[in-house]
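The working numbering numbers the first residue of the sequence shown as 1014 and each following residue consecutively.
Rather than coming from a laboratory, the hints here were simulated on the basis of the structure. Computed from a prediction, not measured in an experiment: that's the story for all the values here. From the three backbone atoms N, C-alpha and C, an ideal C-beta is built for every residue, glycine too. Be aware that one or more of the hints could be misleading.
[Said to hold, decoys possible] Here are the simulated lysine-lysine pairs, DSSO-like style, with alpha carbons at most 27 Å apart:
(1) K1161 <-> K1087
(2) K1087 <-> K1074
(3) K1074 <-> K1029
[Claimed, not checked] Distance windows between CB atoms, simulated:
(4) L1149 <-> S1119: 46 to 52 Å
(5) E1158 <-> G1073: 49 to 55 Å
(6) S1060 <-> Y1103: 24 to 30 Å
(7) P1075 <-> V1134: 19 to 25 Å
(8) A1088 <-> R1111: 14 to 20 Å
(9) N1125 <-> A1088: 35 to 41 Å
(10) K1074 <-> D1151: 54 to 60 Å
(11) D1152 <-> S1064: 50 to 56 Å
(12) K1161 <-> A1066: 25 to 31 Å
(13) P1075 <-> R1026: 18 to 24 Å
(14) A1088 <-> L1149: 50 to 56 Å
(15) S1064 <-> D1151: 45 to 51 Å
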Amino acid sequence: MTERSPSSKWSGRDYKQDNWDAANPINKALSIANTCLYAVCQAALHSVGYSPALGFIHTGKPLSFVYDVADLYKATTTIPAAFEAVAETYFDLDSLVRRKCRERFSDYRLMNRLVNDIDQVLGFGNEKDEEPIAFLWDDVLEWVEGGKNWGEEDH
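Model the full assembly from the supplied sequences, consistent with the hints where possible.
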């Protein structure tokens, strides 16, 4: 990311859905990068059974929770990827932004982090799966461990 590059000069987020061609390169790159991130976040949410529509910060949209989750990762993934891509080229910006996002997602190990981070934010991250301890009554040994075959040949 270079602040001196004229093509990456930041003048604020300005994006109009109905006029894509009017957007400057950095705003286009941010939109492309965020779309990639939304797709990855939506896949992660679906994989663990969370509804992408049940957002906490963003509400009223089919992908509200996707946007909430994506906001956790933009500063470390899509924003740097977009600025790097614009600083490097103007031609074939879409392809370069997607490549930069893939690199960032991989370096940040995004897929490994997503589900754990979501569970932690929702308050499920500290629970441990513990095996329930069950005992069986035995007329000779009294209590024996459950979940084990105590047939004649095992005694």
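Problem set entry | Structure versus earlier hints - violations, ascending order | 1, 6, 9 and 12
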